Each structure stands twice: as structure tokens, then as C-alpha cells.
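**Q** Using the hints, build the complex out of the two chains.
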Amino acid sequence: MNLHVTAVGPLATIQDLGRPGWMHVGVSPSGAADRESHRLANALLGNDAGAATIEVLLGGLELLATQATWVALTGADCGARVDGRAIAWAGPVALRAGQRLRLGFSTAGLRAYVAVSGGVAVEPVLGSRSRDTLSGLGPEPLRTGMVLPAGARPVRPTVDAAPAQRPSPDALYLVAQPGPHMDWLLHGLDATHWQVSPDSDRVGVRLQGRALPRRALRVGTELPSAPMVRGALQLPPSGHPVVFLADHPVTGGYPVVAVLDDTSCDTIAQARPGQRLSMHITTVRR
Amino acid sequence: MRVLPYGQRAWLLEMEDATGVRSLDAALRLLRVDGGGAWARIVDVVPAARSVLVTAASPSDAEALRNMLEALTDLPPRDSPDGRTVEIPVTYDGPDLEFVARACGLDVDEVVTAHTGTPWTVAFGGFAPGFAYLADGDARLRVGRREEPRTIVPPGAVALADGYSAVYPRRSPGGWQLIGHTRSAMWDASMAEPALLRPGMRVQFRALP
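Sequence order for the protein chains is A and B.
Just so you know, the first sequence maps onto residues 4 to 289 in our numbering.
Just so you know, the second sequence maps onto residues 2 to 210 in our numbering.
Isolated chain B, as found in the complex (with noise of 0.2 Å):
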């Protein structure tokens, strides 16, 4: 792990691979309730791919909190304390799936068992409110983006591209490729959670007959 300075109160912490990056979230998020001071005064854990963002709520917290990330190593690989299985029902029917299918040397039905056959897991969100990168599910689901991005995808729209998948929380543009849609909405402003997904959750898909 390396601690990268990110401006006056927040660090990069950049990890080997995407398993560092769970484990090292996980710990942080349980660090923030149990490791009183500084540690309870973070203002955000955000992991992406390869990196996570912690954020303080002044100068003086970010200084103290450098020592303390610096000395967390050998984090061992752990859940999140998040980490209950949501199940989402999916009408396969996107736009993209024969698409999708032939790209991946499958049929389509191989798709939808390969979509619903193993949990995905919460990796990271972003592009929207409520958008979550589903990874870990079925190796064989690899395809790129659509060449050209569509200006109008549905909410709801169950979508693959570069490993990930995800439900678009919202209609929005987007460049993933369209496999199937949800009635599960994914984002309620009004709610105290108001995103169905966060890191570290378990994502069962169940296709719909």
C-alpha cells in the first residue's frame, strides 16, 4: 500500500489489486466506528479500482490520520461489515444480450445463467448516485463498451462492460452494454440509505421467466 498526499485534508491510499482495495475499505469502515479519535472523524472511505480515498474534516485530522494509515499493513482479507445479499430480479431482455452473447463465445441462455450463477460483489460506485461496479461474477462475462454510448438508458437497465456490472440507478447516457432490466430501484434520495448497493454488499441476480 502507498499513501499518496491528495491536498489538505485527504489521502490516496493506492493498493496492488482490487482485493487490497476491499480489504482495506472493510477495515476502515470498521475502524471508523471502533477507533475512536482521529479515526472517527473521517469524513469519507471511497474505493475505485485500484485506490481508496479517505477524506478528514480539517488539515490538522488529515496530518494525524497519515501515521495511522501508513501503520495499517497486512490488512487480512475480510468482508465488508456490509456484506448481506441483496437479490435483484431481471427480465433478460436488453437490447444488447445476442450482442453480448456472441462477443463472449456464448448463447444467450449461457449468458443468463452466467449472470445469475455466482454473487457479484459491490467494488466501488460512481457516474451517478446509486451507480454501483458489480465485480467477481462469472469470468466469461467480459465485453467491452458499445462503440458508440447510448444519450438515453433507461432506469433499471442491467448492463456488463469491462468486467463489471451494474444497474443504472436513473435514465442517463450511458456506454455499457444492455443485458436485462429490473423493477429494484436503486437509489430513493428520501430514504437514510438511499442507495440499495454499497461497497462491500453481495449482489445475487435472478432472472425473471
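Next up, chain A with everything else stripped away, as it sits in the complex (with noise of 0.2 Å):
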């Protein structure tokens, strides 16, 4: 079975969990930005979580199945219709051979997510079918002509529709706990309204706001470069914040003050370039 890729909007990756295990050869973990929409479309097909989809920045695909299979689409609502006929965000949906999946454009949050029966098949490496846009590991983006093979034979899912949410078009609330350098930080990070750089990719979301000082006792110093996680809330000396996603560098040099919580690093996923964001510190870890 395989997926014909017909039409690309403006970025189109295969995903899974990543590939966790080799930073220290220098390979972020990467995977899917929102790991949550990623989890649900493949439990809407009994996937396995670990199976690969596509990760798609805004809309724009469209697919053409050669044999019938069943999709699944999470994440942002791209309005997406089978042969020009609207479909169920978050259900399982039936595609016939020669059926035309295609994406509109999401008006709230960011990434969609399309999972197949079986998963995308591609070639993993290191373990991973994931796109690392910093490092270029993986499969290349998707491009117009593309054949994707699709995995096993398609199982009739279970459910019917997911009880999840869309990604929210207001105001997000993000939950951080302390980073290892908070002590660089003055004040601010949780009273400050922050709003969404469009300069903002798979690699890192820029904050915008007003910019956060730093103790006197530091400025003017570095750090020499430590380790990076998913979520980590960098203060580079400009004191506008930098939060790491999938494809974060393996090392920084700025202090970490806050590290968002696996909830958190899904939420800020889906936010949109101008889209406003308040955080809340705290020591609870949950």
C-alpha cells in the first residue's frame, strides 16, 4: 500500500517518538514537535505510538491512496476532505483506492497530524523514521511526487472519534519548572505576556516581550556550553527567551532558567506566530 503525495504546503515531515539515546555523538532526539497529537492519531488506528505520521506546518497536503487504508488526523484542524467531502478531525477515516486526501489550512494552531494504518514505512535511521530538520537526519521533507509505502494491512479501529481538543487559538498557559541556571535570572518569567516570534521552527520557539534581566552578579558572562533538552527556556543576553523543541541543538551556551513540562512542550507546538503566552514556575514536579 502506498500514499502518492500530490500536493505540499509549506513543510511536510515524517515523525515518530524520535531517535533518543545518541546526543552524545551529537544527534538531538527529534520526533514529532506535538507528541501528544502524534500519540492520538495512531491510537485512533491501533498504530503503535512509536509509529511514524505526518507532521504538517499548517496544511496544505494532499495524498492519494493506491490501496484502501484508514487515516486518522490530529493536531491542528486543517479541514481536511476526501474527495472534496469533509471529514472527522481526530477519527479514523476510511480511504479507498484512488480516494484524494486533502488538507485545507488550519486557522488555529500549527501542525497537523496524519497518522496511516501501520504508519509511514520508510527507512528508518538510528532507530527513527523522524526528520531532524537541524541535523538532516531522516527522511527527507515530503515534495510533490513523493511515493510514501504505507505498513501493515489496515486493521477495521475500534473507536469512532477521540474526546481530545484542538489546539486553542487564545491565550496559552504554559507550566515551567526551574531550569538549572535559574539563578542567572533575576525576576519576570512568569509575569511577563509573551507572544510568539514568527522566527520560531521545529528547532526553537523565540519569545517576544518584554526582555528579562539578568542578576547583575552575570551579565556580561557566559556559560561554557552544556546539554539541551526539549523545553528548555534559554536566556540568551538580547533576555528574549528561546524554548527548545524536537530539533534542539545537542549543546548551548546560554543559561537554561526554566524547563516547560511534556504537557507544556506540546502546547507551545501548536502556537502560532503572534500568538500570546503567559507561564507559570513551579517546583512541583508532576
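Treat the hints with care, since some could be wrong.
[What the hints assert, rightly or not] Computed Cβ-Cβ distance ranges for the label pairs, DEER-style:
#1 Arg218(A) with Gly37(B): 33 to 43 Å
#2 Pro127(A) with Ala186(B): 35 to 45 Å
#3 Asp108(B) with Gly53(A): 51 to 61 Å
#4 Ser191(B) with Arg146(A): 19 to 29 Å
#5 Ala219(A) with Asp110(B): 41 to 51 Å
#6 Gly24(A) with Arg143(B): 29 to 39 Å
Bear in mind the hints are in silico, worked out from the structure with no lab data behind them.
Bear in mind that the values here come from a model prediction, so they are computed numbers and not experimental data.
Where is the CB? At the ideal position from N, CA and C, for every residue including glycine.
**A** Structure below.
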């Protein structure tokens, strides 16, 4: 069973739960930016959570099925259609041979996930089918004319829909824990209203707002480069934070003053340029 | 050593110096193999300049690891279990070789002799898959980065900056001083061990005529 790519929007990549365990040789874990939406799309089809899905930035993707299969769309709602007929968001959808799945463009949320029965079955690299956009590892981003192999024989899904929420277009509320270099920051992380910069991608989300002041002791000094993780909130000398996402660099030279929890990493992966957000810092590990 | 919080499933262990980082990295690699329990479920051990990241598979494993990590005091200086020596043949013809010689107060031959005279140690990875920061070389080879980074550095370029040496694993931008090139492959994603150089290994450069 194959999926023919007949149109691509701004960016569509193949993603799974990434390739952890290789950071010591310079390889970032990568994987779906919004892992919860990726897992949900797979769960709706009875796939393993680690089966590869297609992560679609904003929308615009069009796929043609060569044989009957099932698909499920989660994350940003792109108003998808099959041969012109509107289909369910976050529910299994049957595709017959020769039918065309077409995603429009989302108005809330940034990334849609398209799961197919058995998962997208391209060749894994270091145990993962994720495209790491920073290092260039993993399958190439989708292009018109590509043919994607899909995994196992489709099994009729046992659920009709999931009680999931679409990404919110409103101001977002994130939860973070203090980071290893919290003492570099004077104050203000949780008292500031941030706005997502257009200069954001799978590597990181830049936040615009009031510049955060460093402690006087730390002004003009820099850290020796330290390892980074997904959700790390780095504070460059400009005072405008960067939150690292899936394809973050393995090491970085700026202090990490907070780290988003897993749920908030998924939330910020759906934040659109210009969207507002605020942060709550807690020492409770949940 | 300070154990610093780093999100729901990781700790950052801050060390006094690079020697401490190396001993801790070696101890953690052994514990992952022999220690059992939460040690065996560590996902990543990532050394950097003055710290080591430890990531766990779940928040509960991370909680369990906290006390275990804090009890790791008085680590003996120790070589990594991966401490074998890799020889890398180099043609010393880099475009920055003469600049490096002047900056270090040496002549070109002395730079080559210094670079090949003592083995280097893989301190940590980063920047790109297969890029290894090599430390503990000849102390005379101290030179900063280029003022203008190059937009293209070819794969196999042998470089120096900030007391480290490195080999660029693939074509990329780069700001280090280029002193030569090698044909040794630094990275092959199809191999079980894709990186030629891993933390704790030693590297002996050899000059090709």
C-alpha cells in the first residue's frame, strides 16, 4: 500500500517518537513536535505509539491512496476532505483505492498529524523515521511526486472519535519548572506576557516581550556550553527567551532558566506566530 | 558536584572542571551497564564542557535517580570504558595553518609536530552528528575562532579553536581554524556505531607526507 504525495504546503515531514540515546555523538532526539497529537493519531488506528505519522505545518498536503486504508488526522484542524467531502477531525477515516485526501489550512494550531494504518514505512535512521530538520538526519521532507510506503494491512479501527481538544487560538498557559541556571535570572519569567515570534520552527520557539533582566553578577559573562533538552528555555543576553523544541541543538551556550513540562512542550508546538502566552513556574514535579 | 533540576526527566550534573566531567561520564557509562535498577533505564548520558546531562525514561525514574546521583561523590579519576585510541591520518594543508602558526608563536612544522605529538581525548560531542570536541592536546595550540566564520567547510577538515581540535564530519558552515584534512569518515548513519569518535576515546593524529 502506498500514498502518493500530490501536493505539499509550507512543510510536511515524517515523524515518530524520535531517536533518544544518541545525544553524546551530537544527535538530537527529534520526533513529533506535538507528541500527544502524534500518539492520538496512531491510537485512533490501533497503531503503535511509535509508528511514523506525517507532521504537516499549517496544511496544504494532498495524498492519493493506491489501496484501501485508514487515516486519522489530529493536531491543528485543517478542514480535511476526501474527494471533496469533509471528514472527521480526530477520528478514523476510511480511504478507498484512488481516493484523494486533501488538507486545507488551519486557523488555530500550527501542526496537523496524519496517521495511516501501520504507519509510514520509510527506512529508519538510527532506529527512527523522524526528520531532524537541524542535522538533516532521517527521511527527506515531503515533496510532490514522492511515494510513501505505508505499513501493515489495515485493521478496522475500534473507535469512532476521541474526546480530544483542538489546539486553542487563544492565549496559552504553560507550566515550567525552574531550570539549572535559574539563578541567572533576576525576575519576571512568570509575570510577562509573551508573544510567539514568526522566527520559530521545529528547533525552537522565540518569544517576544519585555526583555528579562539578568542578575548583575551574571551580566557580561557566559556559560561553558551545556547540554540542552526539549522544553529548555534559554536566555540569550538580549533577554528574549528561546524555547527548544524537538530538533534542538545538543548543546547550547546560554543559561537555561526554566524547562517546560511535557504537556506544555506539546502546547507550544501548536502556538502560531503572534499568539500570546504566559508561563507558570512551579517546583512541583508532576 | 551539583545536581541541578532539568525538567521532568533529566538532571544536569555540574562539575568543577573537565577532568571531573570525564570521570563522571566514565562512571555513569559503567553504572548503566552494571548498576541495574534505574541506572539501567538511563536514556542519555551527555558530557559537555563543565557538566553532564542524565536523562531518564520517565519522571519516576528521574526521581529515583536524584539520590543515586547525589551519592556519587569522590569519583576516582578514571578512563572511559571506551578509552581506546583511534588513529587519524592528516594532510596538513589547511588554509589557516600559517595563521595558526603565527598566532601560537610557532612555525608551520612545529604546529604539525604539536598536533601529532600527544594524543587528544574526545571530551564531548555537539554541533553536528559525529562532531567531537577533542581536548588535552598540546597546550601551545591555543587559538581563537575565525573572526568571519566560513559558510562552507568541507567534510574531513581538521580544525583548531579555543583549545580544542576537531574534524568536521560533513560539509557545513564553521568558524574554526582549518589546519588540514583527513579521508577518515567521522560519521556513517548506517553503522551500528555511527560516530567514529565517542566521549572518552583517544585520538592520535598522524601526518601524511
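**Q** Does each hint hold? Answer for all of them.
**A** So, going through the hints one by one against the coordinates:
no., hint, in the structure
1, Arg218(A) with Gly37(B): 33 to 43 Å, "holds, 41 Å"
2, Pro127(A) with Ala186(B): 35 to 45 Å, "violated, 21 Å"
3, Asp108(B) with Gly53(A): 51 to 61 Å, "holds, 56 Å"
4, Ser191(B) with Arg146(A): 19 to 29 Å, "holds, 23 Å"
5, Ala219(A) with Asp110(B): 41 to 51 Å, "holds, 49 Å"
6, Gly24(A) with Arg143(B): 29 to 39 Å, "holds, 34 Å"
Violated hint: 2 only; the structure is consistent with all others.
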